[in-house]
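Visitor: The primary structure of each chain is shown beneath.
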Amino acid sequence: MSDLVLRMTDVYRVHGSGPTAVRALDGVSLTVAAGELVAVMGPSGSGKSTLLNLAGALDLPTAGVVEIDGQSTSSLRPADLAALRRRRVGVVFQDLNLIPSLTAAENIGLPLELDGRRVSEARRAAVGALHELGLDELADRYPDQMSGGQQQRVAIARALVGDRRLVLADEPTGALDSLTGEGVLAVLRARCDGGAAGLLVTHEARHAAWADRVVYLRDGRVVDSTEAYGAPSMPRGRHTSPPAGMPSAPPPATTSPAAPASAPTLVGQPGERASEG
Amino acid sequence: MSVRQSLLALLREGPRYGALLKAEFEARTGGVWPLNVGQVYTTLARLERDGLVVGDGTPDDEGRIAYRLTEAGRAEADSWWLAPVGVAEPARDELVIKLALAIATPTVDPYAVIQTQRGATMRHLQELTRLKLALTAPVDAPPASIGVDPELLVLEHRLFAVEAQLRWLDHAEASLAAQSASPVVQPAHTVPTGGTP
Numbered sequence: 001m002s003d004l005v006l007r008m009t010d011v012y013r014v015h016g017s018g019p020t021a022v023r024a025l026d027g028v029s030l031t032v033a034a035g036e037l038v039a040v041m042g043p044s045g046s047g048k049s050t051l052l053n054l055a056g057a058l059d060l061p062t063a064g065v066v067e068i069d070g071q072s073t074s075s076l077r078p079a080d081l082a083a084l085r086r087r088r089v090g091v092v093f094q095d096l097n098l099i100p101s102l103t104a105a106e107n108i109g110l111p112l113e114l115d116g117r118r119v120s121e122a123r124r125a126a127v128g129a130l131h132e133l134g135l136d137e138l139a140d141r142y143p144d145q146m147s148g149g150q151q152q153r154v155a156i157a158r159a160l161v162g163d164r165r166l167v168l169a170d171e172p173t174g175a176l177d178s179l180t181g182e183g184v185l186a187v188l189r190a191r192c193d194g195g196a197a198g199l200l201v202t203h204e205a206r207h208a209a210w211a212d213r214v215v216y217l218r219d220g221r222v223v224d225s226t227e228a229y230g231a232p233s234m235p236r237g238r239h240t241s242p243p244a245g246m247p248s249a250p251p252p253a254t255t256s257p258a259a260p261a262s263a264p265t266l267v268g269q270p271g272e273r274a275s276e277g
Numbered sequence: 001m002s003v004r005q006s007l008l009a010l011l012r013e014g015p016r017y018g019a020l021l022k023a024e025f026e027a028r029t030g031g032v033w034p035l036n037v038g039q040v041y042t043t044l045a046r047l048e049r050d051g052l053v054v055g056d057g058t059p060d061d062e063g064r065i066a067y068r069l070t071e072a073g074r075a076e077a078d079s080w081w082l083a084p085v086g087v088a089e090p091a092r093d094e095l096v097i098k099l100a101l102a103i104a105t106p107t108v109d110p111y112a113v114i115q116t117q118r119g120a121t122m123r124h125l126q127e128l129t130r131l132k133l134a135l136t137a138p139v140d141a142p143p144a145s146i147g148v149d150p151e152l153l154v155l156e157h158r159l160f161a162v163e164a165q166l167r168w169l170d171h172a173e174a175s176l177a178a179q180s181a182s183p184v185v186q187p188a189h190t191v192p193t194g195g196t197p
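Protein chains in written order, with this note's numbering: chain A, 1 to 277; chain B, 1 to 197.
The following block holds chain A by itself, in its conformation from the complex (with noise of 0.2 Å):
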């Protein structure tokens, strides 16, 4: 994969020190290149949280190196640092993304006109984004004159607006049922489609499953990963007929995936216990 917008390279974070230190991620590696969404699972506690804030800039790593967009965090003095989080991330929150006293477009906006663009410039730039996503008709709507699933849609127009490229999703459809939150999954899909680099935590399979690639997270290490797929290679409609001379039943082996790269150490001998993988 060329193009990466995010590379995490052995990452440690360790919080406190001493006895009490918690290693909230142990040596992880991880790449999103444009184009790319990847989603990260784990239960509670097993770093996730920490990963989102790593690949963010909100935090620093304390050995091994992460960077945006060819930028290691580490490296920057902190204005630098905050400038390349405005100019370059966005997040989306499960909830209060939005600032209530803005509308939709100023919302948008306002990372534009923090980073000293014009107001108009602004303005222009949020429309824009709104209209990208079809959702012109909430450009001048305050939060709480939209649906939670609206609020989320513009939470993403905003996270990448302007030259930002990746946009950090966590739990992005906890709040919403499961058709409003597929709704704003299919935008996440959508800007990811159109070339920006998303990273997708969340604690739903289904919603995993839009994610090219799948990362599993436990005590704060990677314990699986579902590997990239290629390019689409799926038929985008449903009358998309097989090329002459191929079969059209589909292939056999939805139901059985090859097995992983590495396979985890399963059986032991009689006698002892597998270690555990």
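Accuracy of the hints is not assured; some may be wrong.
Some chain B residues judged to face chain A by a derived CB distance under 10 Å, without partners named [what the hints assert, rightly or not]:
# : residue
1 : L20
2 : A23
3 : Q115
4 : G119
5 : R130
6 : L133
7 : V162
8 : Q179
Partial chain B-side listing against chain A, Cβ under 7 Å, derived [what the hints assert, rightly or not]:
#  : residue
9  : R123
10 : L125
11 : E156
12 : L159
13 : A174
In case anyone wonders, no lab produced these hints; they're calculated from the structure. Beta carbons are placed, not taken as given, at the ideal position from N, Cα and C, and that holds for glycine.
We have chain A already, so just place chain B on it with the hints.
Guide: Below, chain B without anything else, positioned relative to chain A:
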């Protein structure tokens, strides 16, 4: 059982011959469960034997006999629509059995079983999701008609079922971890070390 009830439900909408029943069943269930015509006619014969349907008698130009519901057949079809489907299915899922055995088998690591299964199940869920996205394309238009297309309805049932398996695997793994973290308590009914009843 489901073929029998489905045919009754279709015949409730009016008389039909076997090939048409087959075609309608397949169209309405998104082609997920293909029927063969022989199966349809065998089922119709049993329904006729049980007095739930009756052949119209006179074949049409192409020699096909239409079937229609009897009074009893209509009552059966009505009660099927009104009653919930049984939810207490017997649980004999290979994965459930495998994991239960893994936990009780000292030479096998149940965590490894869970991890291998979860990877495979997750990949399958991704494939199903891609099928779903292909069905609901274009992506730009937020889903307006999800759940209406029968093929999508059936596919989404599968998505939820596969998700449920993943959640169950996660839960089983967490339970195992919690259990191994706490001291093992001997159950009260352990065989006593002496004496006879």
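Visitor: Hey, does the Q179(B) contact hint survive, CB to chain A under 10 Å?
Guide: violated, 13 Å
Visitor: Can the hint on L125(B) be confirmed by a CB-to-CB distance to chain A that is less than 7 Å?
Guide: holds, 4 Å
Visitor: A closest beta-carbon separation below 7 Å is what the hint needs, so does R123(B) meet it against chain A?
Guide: Hint on R123(B): holds, closest Cβ of chain A at ~4 Å, below 7 Å.
Visitor: Taking the least C-beta to C-beta distance, is L133(B) closer than 10 Å to chain A?
Guide: holds, 8 Å
Visitor: Please check whether G119(B) passes as an interface residue: C-beta within 10 Å of a C-beta belonging to chain A.
Guide: holds, 5 Å
Visitor: Interface hint check: A23(B), Cβ to nearest Cβ on chain A, cutoff 10 Å. Holds or violated?
Guide: violated, 18 Å
Visitor: Hint L20(B) vs chain A: min CB-CB distance below 10 Å?
Guide: violated, 23 Å
Visitor: Would the stated hint for A174(B) survive a check requiring a Cβ distance to chain A of less than 7 Å?
Guide: holds, 6 Å
Visitor: Close enough to count: is the Cβ of V162(B) nearer than 10 Å to one in chain A?
Guide: holds, 8 Å
Visitor: When the nearest CB of chain A is found for L159(B), is that gap smaller than 7 Å?
Guide: With a closest approach of 6 Å, the L159(B) hint holds.
Visitor: Does R130(B) pass the interface hint, meaning its C-beta sits closer than 10 Å to a C-beta of chain A?
Guide: holds, 5 Å
Visitor: Report holds or violated for the interface hint on E156(B), using the least CB-CB distance to chain A and a cut-off of 7 Å.
Guide: At about 9 Å, which exceeds the 7 Å cut-off, the nearest Cβ of chain A leaves the hint on E156(B) violated.
The structure does not agree with the numbered hints 1, 2, 8, 11 stated previously, though it agrees with the rest.
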